[in-house]
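Here is what each chain is made of, one letter per residue.
2 protein chains.
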Amino acid sequence: MSDVTITLEQLRSHWQGHRALTRRTIEAFPDEHLFTYDVGGMRPFGKLVGEMLRMAVPTLEGIVTRTWQSAGRTAPVSKRGLLTAWDEDTARIDLLWPQIPQGRLQEEDVAFGQWPGKTWWILMYVIDNEIHHRAQGYVYLRALGIEPPAFYER
Amino acid sequence: MSDVTITLEQLRSHWQGHRALTRRTIEAFPDEHLFTYDVGGMRPFGKLVGEMLRMAVPTLEGIVTRTWQSAGRTAPVSKRGLLTAWDEDTARIDLLWPQIPQGRLQEEDVAFGQWPGKTWWILMYVIDNEIHHRAQGYVYLRALGIEPPAFYER
Chain P
719 MSDVTITLEQ LRSHWQGHRA LTRRTIEAFP DEHLFTYDVG GMRPFGKLVG
769 EMLRMAVPTL EGIVTRTWQS AGRTAPVSKR GLLTAWDEDT ARIDLLWPQI
819 PQGRLQEEDV AFGQWPGKTW WILMYVIDNE IHHRAQGYVY LRALGIEPPA
869 FYER
Chain L
719 MSDVTITLEQ LRSHWQGHRA LTRRTIEAFP DEHLFTYDVG GMRPFGKLVG
769 EMLRMAVPTL EGIVTRTWQS AGRTAPVSKR GLLTAWDEDT ARIDLLWPQI
819 PQGRLQEEDV AFGQWPGKTW WILMYVIDNE IHHRAQGYVY LRALGIEPPA
869 FYER
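As given, the protein sequences belong to chains P and L, one line each in that order.
In this note's numbering, each number is its position in the first sequence, counted from 1, plus 718.
In this note's numbering, each number is its position in the second sequence, counted from 1, plus 718.
Everything labelled a hint here was simulated from the structure, so no lab data went into it.
Possibly wrong hints are sitting among the right ones.
What the hints assert, rightly or not - Calculated Cβ distances over 12 Å to all of chain P for the following chain L residues:
(1) Gly735
(2) Ile744
(3) Arg772
(4) Glu779
(5) Ser796
(6) Leu801
(7) Thr802
(8) Ala803
(9) Asp812
Said to hold, decoys possible - Simulated crosslink set (DSS-like; lysine-lysine; CA at most 30 Å straight-line):
(10) Lys765(L) / Lys797(L)
(11) Lys797(L) / Lys836(P)
(12) Lys765(P) / Lys765(L)
To be verified - Pair by pair, the computed Cβ-Cβ distance ranges are:
(13) Pro748(L) / Gly759(P): 17 to 23 Å
(14) Asp805(P) / Glu865(L): 21 to 27 Å
(15) Ser731(L) / Glu727(P): 21 to 27 Å
(16) Gly759(P) / Phe830(L): 36 to 42 Å
(17) Glu750(L) / Glu727(P): 46 to 52 Å
(18) Gly735(P) / Thr785(L): 41 to 47 Å
(19) Gln734(P) / Ser731(L): 33 to 39 Å
(20) Leu862(P) / Thr785(L): 38 to 44 Å
(21) Gln820(P) / Ala793(L): 30 to 36 Å
(22) Asp805(P) / Glu750(L): 30 to 36 Å
Ideal Cβ placement from N, Cα and C applies to all residues, glycine included.
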């Protein structure tokens, strides 16, 4: 075990820590700005969170079941709806996580039939994409004069 | 090895992939905006890159040597200076990486005498902080009417 970088449980906890921070970022947005406000012509934060929701559980389901299904998920269009979906997915991730097959993160796969790579990379891409777009939300909040949640708290 | 999530070499490659993207983001900034332009009263991108430089190699040196030294690094104040420092650190990371002691990422430590945790977490924090602040740079670029580099290219 001495060559271990990050255990599977640590990776789950790392992701859920980021997800808790993203949840606080959603909460910090005023309802009226979540789906309308942007800087530089980029997507409003509510749309970016919709993308995160469309990626997270479907990716984990693909890793667990080796079947990739993205269809059927429509993102909520209200703050309450986003937060409810977020919490449902948080529970779903904790439920699915122990079902990741042994050694699965080192297997090659093609996520959603489009993105080839080892599944650890696909999973890290989802986490990194969340960090990336959440940071965009931080700038929107600052531009609106609102203090974003502390980055170092998870 | 079947319980491996991410190997040490994959983690190096993952980080260097992000660093290559951050380098392209620095390159995309016009000289005159790098240390002056901001949105919402946040730090200009050049300052954020300075923070990344102050964190990256000193953290890896702390992980490799078990000695934490942040003093003595002053961040460059020009685009050319940032890119040169970035490239030097990219080479330094590749040089230091194989010197990470066996099992070290699962050891507890206190980074720079201030931040306690397992060293994998400290390292991931540095990577996540880079993703977070680079995304801020993306918003600045868009607000300046400049297309940022593609997020999915590493």
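Thr802(L) non-interfacial with respect to chain P [C-beta, more than 12 Å]: holds, 26 Å
Least C-beta distance between Glu779(L) and chain P, which was stated to exceed 12 Å: holds, 18 Å
At the C-beta level, are Pro748(L) and Gly759(P) separated by a distance inside 17 to 23 Å? Once the Cβ atoms are compared, 18 Å apart, the range 17 to 23 Å for Gly759(P) and Pro748(L) holds.
Far enough from chain P: is every CB of that chain over 12 Å from the CB of Leu801(L)? Nearest chain P Cβ is 22 Å from Leu801(L), so the label holds.
Supplied distance hint 41 to 47 Å, evaluated on CB atoms of Gly735(P) and Thr785(L): violated, 28 Å
Over 12 Å to the closest beta carbon of chain P is the bar; see if Ala803(L) clears it. Non-interface label on Ala803(L) holds, nearest chain P Cβ at 22 Å vs cutoff 12 Å.
Is the nearest Cβ of chain P still more than 12 Å from the Cβ of Ile744(L)? Correct as stated: the minimum Cβ-Cβ distance to chain P is 16 Å, above 12 Å.
Would the hint linking Lys797(L) and Lys836(P) be met if the CA-CA limit is 30 Å? violated, 35 Å
Report holds if the minimum CB distance from Arg772(L) to chain P is greater than 12 Å, and violated otherwise. Correct as stated: the minimum Cβ-Cβ distance to chain P is 16 Å, above 12 Å.
The output says Asp812(L) does not contact chain P. Does that hold with a beta carbon cutoff of 12 Å? Non-interface label on Asp812(L) holds, nearest chain P Cβ at 17 Å vs cutoff 12 Å.
Taking 30 to 36 Å as the stated bounds, is the beta-carbon spacing between Gln820(P) and Ala793(L) within them? violated, 44 Å
Compare the distance between the alpha carbons of Lys765(P) and Lys765(L) with 30 Å, and conclude whether the hinted pair is satisfied. It holds: about 29 Å lies between the C-alpha atoms, which stays within 30 Å.
Violated hints for the displayed structure, listed by number in ascending order: 1, 11, 14, 18, 19, 21 and 22.
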